[in-house]
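Each chain, written out:
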Amino acid sequence: MKTESTLEKILVSGQLAVTSECGPPRGALPEKVKEKAEMLRGCVDAVNVTDNQTAMVRMSSLSACILIKQMGLNPLLQMVTRDRNRLAMQSEILGAYSHGIDNMLCLSGDHPRFGDHPAAAAVHDIDSVQAVDMVRQMRDEGLFQGGQKIDGPPKMFIGAAANPFADPFELRVARLAKKVKAGVDFIQTQCIYNVDKFEKWMEGVRDRGLDEKVYILAGITPMKSAGMAKYMKNKVPGMDVPDEVVKRIAGVAKENQAEEGMKMCLETIERLRNVKGVAGFHIMAIEWEHKVREIVERAGLLPRPVF
Amino acid sequence: MITAERKPIEDLINSVSSYRRILLLGCNECVTVCSAGGRKEVALLSSALQMHFMKEGHPFEIKEITLERQCDPEYVEELVPYIDQADAVLSMACGCGVQEVARRFKEKMVLPAVNTKFMGASERQGVWAERCAGCGDCVLGSTGGVCPIARCSKQLLNGPCGGSGKGKCEVDSDIDCAWQLIWDRLKALGMTEKYEENIPAKDWRTGRGAGPRKIVREDLAS
Numbered sequence: 000m001k002t003e004s005t006l007e008k009i010l011v012s013g014q015l016a017v018t019s020e021c022g023p024p025r026g027a028l029p030e031k032v033k034e035k036a037e038m039l040r041g042c043v044d045a046v047n048v049t050d051n052q053t054a055m056v057r058m059s060s061l062s063a064c065i066l067i068k069q070m071g072l073n074p075l076l077q078m079v080t081r082d083r084n085r086l087a088m089q090s091e092i093l094g095a096y097s098h099g100i101d102n103m104l105c106l107s108g109d110h111p112r113f114g115d116h117p118a119a120a121a122v123h124d125i126d127s128v129q130a131v132d133m134v135r136q137m138r139d140e141g142l143f144q145g146g147q148k149i150d151g152p153p154k155m156f157i158g159a160a161a162n163p164f165a166d167p168f169e170l171r172v173a174r175l176a177k178k179v180k181a182g183v184d185f186i187q188t189q190c191i192y193n194v195d196k197f198e199k200w201m202e203g204v205r206d207r208g209l210d211e212k213v214y215i216l217a218g219i220t221p222m223k224s225a226g227m228a229k230y231m232k233n234k235v236p237g238m239d240v241p242d243e244v245v246k247r248i249a250g251v252a253k254e255n256q257a258e259e260g261m262k263m264c265l266e267t268i269e270r271l272r273n274v275k276g277v278a279g280f281h282i283m284a285i286e287w288e289h290k291v292r293e294i295v296e297r298a299g300l301l302p303r304p305v306f
Numbered sequence: 000m001i002t003a004e005r006k007p008i009e010d011l012i013n014s015v016s017s018y019r020r021i022l023l024l025g026c027n028e029c030v031t032v033c034s035a036g037g038r039k040e041v042a043l044l045s046s047a048l049q050m051h052f053m054k055e056g057h058p059f060e061i062k063e064i065t066l067e068r069q070c071d072p073e074y075v076e077e078l079v080p081y082i083d084q085a086d087a088v089l090s091m092a093c094g095c096g097v098q099e100v101a102r103r104f105k106e107k108m109v110l111p112a113v114n115t116k117f118m119g120a121s122e123r124q125g126v127w128a129e130r131c132a133g134c135g136d137c138v139l140g141s142t143g144g145v146c147p148i149a150r151c152s153k154q155l156l157n158g159p160c161g162g163s164g165k166g167k168c169e170v171d172s173d174i175d176c177a178w179q180l181i182w183d184r185l186k187a188l189g190m191t192e193k194y195e196e197n198i199p200a201k202d203w204r205t206g207r208g209a210g211p212r213k214i215v216r217e218d219l220a221s
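Taken in order, these protein sequences are the chains called X and L.
All residue numbers for the first sequence refer to numbering that gives the first Met the number 0, where the first residue is 0 and numbers rise by one.
All residue numbers for the second sequence refer to numbering that gives the first Met the number 0, where the first residue is 0 and numbers rise by one.
In short, the hints are calculated from the structure, not lab data.
All of these numbers come straight from a predicted model, not from anything done at the bench.
Certain hints may be false.
To be verified - Listed below are the simulated DSSO-like cross-link pairs for lysine-lysine, each with C-alpha atoms no more than 27 Å apart in a straight line: (1) L:165 to X:229; (2) X:199 to L:167; (3) X:180 to L:193; (4) X:196 to X:234; (5) X:212 to L:193; (6) X:196 to X:262; (7) L:186 to X:180; (8) X:234 to L:165; (9) L:186 to L:201; (10) X:229 to X:246; (11) L:167 to X:232; (12) L:193 to X:199; (13) X:212 to X:275; (14) L:165 to X:196; (15) X:229 to L:167; (16) L:165 to X:232; (17) L:201 to X:148; (18) X:234 to X:253; (19) X:196 to L:186.
Claimed, not checked - If we take Cβ atoms under 8 Å as the criterion, some of the chain X residues that face chain L in the derived model are: (20) 110; (21) 129; (22) 133; (23) 160; (24) 167; (25) 173; (26) 176.
Beta carbons are placed, not taken as given, at the ideal position from N, Cα and C, and that holds for glycine.
Make the full structure from the sequences, and use the hints.
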């Protein structure tokens, strides 16, 4: 074991892990964080807390993580390289670990042009691969990125993202290999709708033995409606929603679309849990957090292991 | 080269409207090549300003000069005989030229007529694109001759991000994904294994990180 992280313990035990996410509010109301996180109690192993996602200003990931930690849940700090240089990132990591937050996810982050501050400068002092390397060095060597010794190194369980659906497909396994080389412990993937393509990517991952070196949590987002399916297909960069997925959900009456979306996501989980190298699921129920429990329950992933 | 674009005419009219005698100053280097501030653009802007102020009945004199290089003190010195006859200089050079003129003539207002954009190359007639960010420590040897700092919207040294689609960047479909270009080049060179060498965090001190930079060549310095 590299850390004290509960998520790591579950993954090491060989049981399927379940994570979900909580997007912090666009204001300073702590109860909004608590309401969302409460819905996830007992049904996930860690709660990802997003970091100014879609480049919109929100309550900071760290402060929302602390609120969630105080509730007795297990937060996972997301950190984008867009908003902070290496000094700010490292101080944030020290702060997080001092509050007992021991999972994190290193991301580059959505470009400011997609958010509500398009005039902002993006930092990108380091990229996500370098961020993984930095956190690993802090943990395993007890050294800051700049090379100085840390007095009490943070023992983070280190995650990163992978999008098997972005182009060029042929280097998506190689990009994962770079993150593995940098020292990533687990991966949470982009939402999977094109299951065939995901399985093809996993085949490439296994061919290189990467599934033995990193825990891969498959990204799952239930579709609420045909409108959402079309939006995801056409408007969200890096998303691969095949025509048949849109057709299927659009093919049922509007009032039944949410249930159809739920069934589709359960079918995806059922299919993927048997794919070698899939170590768990990352359920991103966007503004639909109250459905996470139902998904996890119907997928037969309850109760969650206790460590 | 350094690329630039002329500021909107309304802005230029505003910026010179409180002066009577203007020295409109072109440059025969980069801004000539990118058609922003060479002899031809000086003549065009001069006519436009004269027409405007004539219509307004505002007394206005303009003198046109295009220097060989506005960023070079040797050429800027050529302005000595003319500078006193102008209330202000309107420079069509890049920011380097504007500053050189301002440095030489401390008591003369120097106004920029162009927005300096980037170091780039001509893609085709009338189109220039950014190529170099001047980071001071060239990585092109590792990236197939395509710069990820200047050409990836997130300046990822280990890209591409998850927003690369059909060879384009998620930020704008007019932007090529730099990492797609890098990958294509590495393939063409038979060097795809190079991709998996992680590029470490960059030392930005060779770039803007350590403040304004200077090159001193002892062998040439006088």
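- prompt: Regarding the pair residue 167 (chain L) and residue 232 (chain X), is the alpha-carbon distance no greater than 27 Å?
  reply: 17 Å, holds
message: For a C-alpha distance cap of 27 Å, please report whether residue 196 (chain X) and residue 262 (chain X) respect it.
response: The hint holds at about 20 Å.
Pair hint outcome, residue 165 (chain L) versus residue 232 (chain X) [Cα-Cα no greater than 27 Å]: Holds. Residue 165 (chain L) to residue 232 (chain X) sits at ~14 Å (cutoff 27 Å).
message: Does residue 160 (chain X) hold up as a contact with chain L if the rule is Cβ-Cβ below 8 Å?
response: Because about 7 Å separates residue 160 (chain X) from the closest Cβ in chain L, which is inside the 8 Å limit, the hint holds.
- prompt: For the pair supplied as a hint, residue 165 (chain L) and residue 229 (chain X), is the alpha-carbon distance within the 27 Å limit?
  reply: It holds: about 19 Å lies between the C-alpha atoms, which stays within 27 Å.
- prompt: Holds or violated: are the alpha carbons of residue 229 (chain X) and residue 246 (chain X) at most 27 Å from each other?
  reply: The given pair, whose Cα atoms are some 10 Å apart, holds under the 27 Å limit.
query: If you draw a straight line from the CA of residue 212 (chain X) to the CA of residue 275 (chain X), is it 27 Å or shorter?
result: Distance ~13 Å between residue 212 (chain X) and residue 275 (chain X) Cα, so the pair holds.
message: Against the 27 Å threshold, does the CA-CA distance of residue 193 (chain L) and residue 199 (chain X) hold or violate the hint?
response: 24 Å, holds
- request: Quickly compare the C-alpha distance for residue 234 (chain X) and residue 253 (chain X) to 27 Å and report which way the hint goes.
  value: 21 Å, holds
- prompt: Given the hinted pair residue 165 (chain L) and residue 196 (chain X), is their alpha-carbon gap at most 27 Å?
  reply: Roughly 16 Å between the alpha carbons, so the hint for residue 165 (chain L) and residue 196 (chain X) holds.
- prompt: Holds or violated: is there a CB of chain L closer than 8 Å to the CB of residue 167 (chain X)?
  reply: Where the cut-off is 8 Å and the nearest Cβ of chain L is about 6 Å from residue 167 (chain X), the hint holds.
message: Using the nearest Cβ pair, does residue 110 (chain X) come within less than 8 Å of chain L?
response: 5 Å, holds
Taken one by one, the earlier hints all hold for this structure without exception.
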